[in-house]
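K.L.:
Top line first, the protein sequences correspond to chains B and F.
What the first sequence shows, in my numbering, is residues 1 to 601, in sequence order.
What the second sequence shows, in my numbering, is residues 1 to 601, in sequence order.
These are calculated hints, taken from the structure and not from any lab test.
The reader is advised that the hints may include incorrect statements.
[Said to hold, decoys possible] Heads up, simulated DSS-like pairs for lysine-lysine below, C-alpha to C-alpha not over 25 Å straight-line:
id, chain 1, residue 1, chain 2, residue 2
1, F, Lys283, F, Lys225
2, F, Lys178, F, Lys216
3, F, Lys335, B, Lys335
4, B, Lys178, F, Lys335
5, B, Lys465, B, Lys508
6, F, Lys216, F, Lys147
7, B, Lys283, B, Lys178
8, F, Lys283, F, Lys216
9, B, Lys225, B, Lys283
10, F, Lys225, B, Lys331
11, B, Lys178, F, Lys216
12, F, Lys178, B, Lys331
13, F, Lys147, F, Lys335
14, F, Lys178, F, Lys283
15, B, Lys178, B, Lys225
16, F, Lys476, B, Lys225
17, B, Lys147, B, Lys283
18, B, Lys225, F, Lys147
19, F, Lys178, B, Lys335
20, B, Lys465, B, Lys476
21, B, Lys335, F, Lys225
22, F, Lys508, B, Lys331
23, F, Lys465, F, Lys508
24, F, Lys178, F, Lys225
25, B, Lys508, F, Lys331
26, F, Lys465, F, Lys476
[Claimed, not checked] Between beta-carbon pairs, the in silico distance windows are:
id, chain 1, residue 1, chain 2, residue 2, range
27, F, Ser224, B, His169, 56 to 66 Å
28, F, Gly30, B, Ala504, 55 to 65 Å
29, F, Asp320, B, Ser224, 15 to 25 Å
30, B, Asp16, F, Pro168, 37 to 47 Å
Glycine residues also receive a C-beta, built at the ideal position from the N, C-alpha and C atoms.
Take a look at the letters that make up each chain.
2 protein chains.
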Amino acid sequence: MPDYQAPLRDLRFVMDEMLDFPSHYARLPGGEEASPDVVNAILEEGARFAREALLPLNQSGDREGCLLEGGEVKAPKGFKEAYRQYVEGGWPSLSAEPEFGGQGLPHSLGMVLSEMICATNLAWGMYPGLSHGAADALRHHGSDEQKATYLTKLVEGVWTGTMCLTEPHCGTDLGLIKTRAVPTVDGSYEISGTKIFISAGEHDLAENIVHLVLAKLPDAPEGSKGISLFVVPKFLPDADGNPGERNGVTCGSLEHKMGIHGNATCVMNFDAARGFLVGPPNKGLACMFTMMNVARIGVGIQGLGLMEASFQNSLAYARDRQQMRALSGPKAVDKPADPIIVHPDVRRMLLTQKAFAEGGRMLVMFTAQMVDVVEHGQDAVEREHAEALLGLLTPIVKAFLTEVGFEATNEGVQVFGGHGFIQEWGMEQLVRDARITRLYEGTTGVQALDLLGRKVLMSQGETLKVFTREIHKFCKAEGDNPALTEFVEPLARLNTEWGELTMAVGMKAMNDREEVGAASVDYLMYSGYVTLAYLWARAAKLASQSLGGSEDAFYRAKLDTARFFYQRLLPRTRAHAQMIQAGAGSLMAISANDFGLGFEI
Amino acid sequence: MPDYQAPLRDLRFVMDEMLDFPSHYARLPGGEEASPDVVNAILEEGARFAREALLPLNQSGDREGCLLEGGEVKAPKGFKEAYRQYVEGGWPSLSAEPEFGGQGLPHSLGMVLSEMICATNLAWGMYPGLSHGAADALRHHGSDEQKATYLTKLVEGVWTGTMCLTEPHCGTDLGLIKTRAVPTVDGSYEISGTKIFISAGEHDLAENIVHLVLAKLPDAPEGSKGISLFVVPKFLPDADGNPGERNGVTCGSLEHKMGIHGNATCVMNFDAARGFLVGPPNKGLACMFTMMNVARIGVGIQGLGLMEASFQNSLAYARDRQQMRALSGPKAVDKPADPIIVHPDVRRMLLTQKAFAEGGRMLVMFTAQMVDVVEHGQDAVEREHAEALLGLLTPIVKAFLTEVGFEATNEGVQVFGGHGFIQEWGMEQLVRDARITRLYEGTTGVQALDLLGRKVLMSQGETLKVFTREIHKFCKAEGDNPALTEFVEPLARLNTEWGELTMAVGMKAMNDREEVGAASVDYLMYSGYVTLAYLWARAAKLASQSLGGSEDAFYRAKLDTARFFYQRLLPRTRAHAQMIQAGAGSLMAISANDFGLGFEI
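Only chain B is shown next, with the shape it has when bound in the complex (with noise of 0.2 Å):
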């Protein structure tokens, strides 16, 4: 069974040493109280949960997956208890109001916590997952009223969240749903539709469940313009705020998936049911826009945490397993062959996890502090500022670090050779989980869009350039500094590159839109890897003042990791570069009806 240790001293480098969180919590209001003892407290405990209630539950949770009988769900053995500790724990409550009953912590620490919780299982994840994109909409949109009934008890964990958004015909395309709101008398609104990839939409962990559900009002404009959001209680609560009448909200059926088994994606029935509209009528999409931005920094944590899964024991499998003789003589001389992390190949595909997970880490927590200011920021001028550059991140984060997180789990199946495509092993569990992260909220293609086409390139460039600036702030700095050089160098090339190819794109979309979605997966992959140089080479830049101390051996594996990103992993930003320049033509060319003429008769 796999192992899993939350890497406790390598969030203490990030968090601590790279990102100093402990002065930006203190800036933050209320921050006083996430103390370093304070944090590292939360953390450890955290660790504990994950390791110990969550991790055995993963391999058994996949092969036994989600039961539906008599429209109700069960989720596999053991979840509903792990739930209950998570409840019990005070977990949900961790990064809410204290208003709404929440413990008022920052929103950063509620995402490290995520990734240990990703790592370890994440269809148990999903649970209370989803929750938080439901709690974001109803405490930015709600009334009042909805937020003392559903928003409270989403935050004490003892209801959870669902996202309705994708219907049969329609996922992206949300200005084509069919769901449908009708007002009543009362001022509630019957819901009627069905909805699809409904995660969380039935299970037994909690005792209630709160549906954000997109629908359309009966004279709503065609289109994204005409939809509106609302919630639809499973029970709608009775007098004293407690499960009542059972909503005509149900549960049609269970999908088959490649992974996440132990998570219930369901189809709901919306049959006439209860709802009550939360935002303006026809201003559902903002609202959905809420949850969807907090959802897609959940779904990178998720590749991050797998990839860290995986990373750990593809490790341990490196050190045992005994296969060959290294290239340049025998290693374990007693041995009847060394153990396989002696061949540069399996060291190139562990540090090719262990580049992306760290790096992945750094990326998370440099985004987590842009999620603090921008949620609790006191300066008008640095909030403003962070929104910007979380807007830029955001779809990084999500695709970047899932389109890498399924090349690391791969790693890790291929290390384990055979092996490695056994289900005992646990490796290829992470990789059909990882799976799914490429495509919900918004798959790798349409974040690339929102990051080229509506992040960049609508605001002429601007929103790139807060960070480019950034970057390039840090080579002048550093310009000087002999034991960056081999970092600041490519990095400087790159960060000018980046706007150059950025302009180069934008001038030939002014001719053809095509452009945009032609350059676009490429760009933002190419946006990742200079992302990702960046905070490497700060890595770097605290380890090599680092060396020499007690923890020497810390900070030099840290230097050869980031050494390795930058000879083995940052190269890929040539082919990129080249792929962006190729331009739309050859995608454009060939005929819809021209494709299959190689095997359609």
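For this one, chain B is given, so just place chain F on it according to the hints.
P.N.:
This is chain F only, laid out in the frame that chain B set:
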């Protein structure tokens, strides 16, 4: 349910127009049997068999899996009946020698059929698939009596074969095997030990199973020089050659795997099983490579089949599924949204599948010609040339086609969005089935060492030159063809660079052997892209000559795909070239102890 049409038009392009198979067959002894009419009839019949008999069992076989009861394995429903049809159709004997009951047709023809089988039902295809390797080992190394007893049955298809190499503690490093062979008075051996990952090790499709087993004689030298090959039948043939007494080889358990659920992957226990030495004692590794090389090309064909299947179905979905409007304005104005094939990024994914599948088909058939020549060629010089080129291309076919096969089947899932993750659509099964192809018969890392270490560097680069000279000749001949400049110029550059990179690694390796392993996988991928670039340039030449005729659309699509390959896939060589040159330093620096300092306490 996924559909599939064998790509007969594309096969005609590759076989008849591009690689002139009619002349190739005419020059082989007995090749006159393989007239264009016969070949066409066989391909059409094979296409029908794959589509009608195998495709309908692919998803059900995946869901059902295999069942071990009382030592007997039951394959999924319908598998046995499909195998009966396969044998009755004469398919197992297609390219076997007439003296053993074969039809004497060229091997390349069997390889085309193999693509169709892998595209429609890989798990099923593994039952007869392993017989080829076993038959080849017997044909080359077996005694006349062994051939008469076993080979004829394998050719007829009434018995199937296995390759029993891997043991729990060793796969790649076969020198470590523990299975023992003790001579008995009658000249046979008692084989005892445990073999794992034995595909089709036990099943109910055929009346007997012929295991080819690696084991050690009592006084065998240490390591790989002390391995011998044995034939161990499930039922010992009686005096009439029919299955007689049950031998001491049994299936101990079935593996639970990520994919190819319909194939029985067995733990095989040999308990003083009666076996017969094949080839000379202690020369088993050489005999094993006979099986292995055939099997390696076979696995490359699996990658090809799976990507073709994925491509066809994602194409159908992309034409049907309506979502969003084209960035440049609505295309299907009468519909609520445009079919997603209008979006450049969806086209990028489809063209990636198409370019790899069609390019992979060229590579397989190019290699197939060499297999024919090596087996049956009449001219010694020609045979030697083919042998060298085949040695070079075998690891590329195996590893490159399975690496890009995994990518392409994943693109198929991505085109489907969230639906790709749902089992019902069949796209995720192709990914799960494809995952094993990067592992078995030698992982990508093992193939890469074979290519760079054994094939290229051990020959002082001579084996590579056999191929680069051919590419150089093509570039020179087409140098002043303006229609091909966009292909020939980059190809010539890459071809030169290929030699330079090889030389550079070779020089470094003289000081440090680890440099070979450090460069190997990037070198293999680089080699794969250049090889496909050469074949795509040849295809482009042909297509550009054929424009304007009655099949203008077909040739135009071929040219468009060549252009896409050059503009959007070939730039990946820029990354691989840099990573090859980066050397071993950043891989070897970090100590095995320090990899885990971020999480180890």
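K.L.:
Would you mind marking each hint as holding or not holding in the structure?
P.N.:
Hint check results:
Of the pairs offered as hints, the one joining F:Lys283 and F:Lys225 holds, with about 7 Å between alpha carbons and a cut-off of 25 Å not exceeded. Our distance criterion of 25 Å between C-alpha atoms is met by F:Lys178 and F:Lys216, whose separation comes to about 7 Å. Taken as a hint, the F:Lys335 and B:Lys335 pair is broken in the structure, with Cα atoms around 68 Å apart against an allowance of 25 Å. A distance of roughly 15 Å separates the Cα atoms of B:Lys178 and F:Lys335; the hinted pair therefore holds under the 25 Å criterion.
Taking the CA atoms of B:Lys465 and B:Lys508, the gap is about 19 Å. The hint holds against a cut of 25 Å. Distance restraint check for F:Lys216 and F:Lys147: the Cα-Cα separation of roughly 23 Å lies within the 25 Å cut-off, and the hinted pair is therefore satisfied. The suggested pairing of B:Lys283 with B:Lys178 holds, with an alpha-carbon distance near 16 Å, which does not exceed 25 Å. Distance check on the hinted pair: F:Lys283 and F:Lys216 sit about 10 Å apart at the alpha-carbon level, within 25 Å; holds.
Taking the CA atoms of B:Lys225 and B:Lys283, the gap is about 7 Å. The hint holds against a cut of 25 Å. Distance check on the hinted pair: F:Lys225 and B:Lys331 sit about 21 Å apart at the alpha-carbon level, within 25 Å; holds. At roughly 69 Å between alpha-carbon atoms, B:Lys178 and F:Lys216 are farther apart than 25 Å, so this suggested pair is violated. Our distance criterion of 25 Å between C-alpha atoms is met by F:Lys178 and B:Lys331, whose separation comes to about 22 Å.
At most 25 Å may separate the alpha-carbon atoms for a hinted pair to count; F:Lys147 and F:Lys335 exceed this at roughly 65 Å. For the hint linking F:Lys178 to F:Lys283, the alpha-carbon distance of about 16 Å falls within 25 Å, and the restraint holds. Proposed proximity of B:Lys178 and B:Lys225 is supported: the alpha carbons are some 14 Å apart, at most 25 Å. Pair hint F:Lys476 plus B:Lys225 does not hold up; C-alpha atoms about 60 Å apart against a cutoff of 25 Å.
Annotation: proposed proximity of B:Lys147 to B:Lys283 holds, straight-line Cα distance about 19 Å (limit 25 Å). Taking the CA atoms of B:Lys225 and F:Lys147, the gap is near 75 Å; set against the 25 Å cutoff, the hint is violated. The hinted pair formed by F:Lys178 and B:Lys335 meets the criterion: a straight-line CA distance of about 15 Å does not exceed 25 Å. Of the pairs offered as hints, the one joining B:Lys465 and B:Lys476 holds, with about 16 Å between alpha carbons and a cut-off of 25 Å not exceeded.
The straight-line distance between the Cα atoms of B:Lys335 and F:Lys225 is roughly 18 Å, inside the 25 Å bound, and the hint therefore holds. Between F:Lys508 and B:Lys331, the direct Cα distance comes to roughly 21 Å. Compliance with the 25 Å bound is thereby established for this hinted pair. Under the criterion of a C-alpha separation no larger than 25 Å, the hint pairing F:Lys465 with F:Lys508 is consistent with the structure, at around 19 Å. Distance check on the hinted pair: F:Lys178 and F:Lys225 sit about 14 Å apart at the alpha-carbon level, within 25 Å; holds.
With a C-alpha separation of about 21 Å, the suggested pairing of B:Lys508 with F:Lys331 holds against the 25 Å cut-off. This hinted pair checks out: F:Lys465 and F:Lys476 have alpha carbons roughly 16 Å apart, not beyond 25 Å. Separation of F:Ser224 from B:His169 is about 59 Å and conforms to the stated range, judged on CB atoms against 56 to 66 Å. In this structure the hint that F:Gly30 and B:Ala504 lie 55 to 65 Å apart at CB holds, the actual value being about 59 Å.
For F:Asp320 paired with B:Ser224, a C-beta distance near 22 Å keeps the hint of 15 to 25 Å intact. Checked against the hint of 37 to 47 Å, the pair B:Asp16 and F:Pro168 passes, with Cβ atoms roughly 44 Å apart.
Of the numbered hints given earlier, the model fails hints 3, 11, 13, 16, 18; all others are met.
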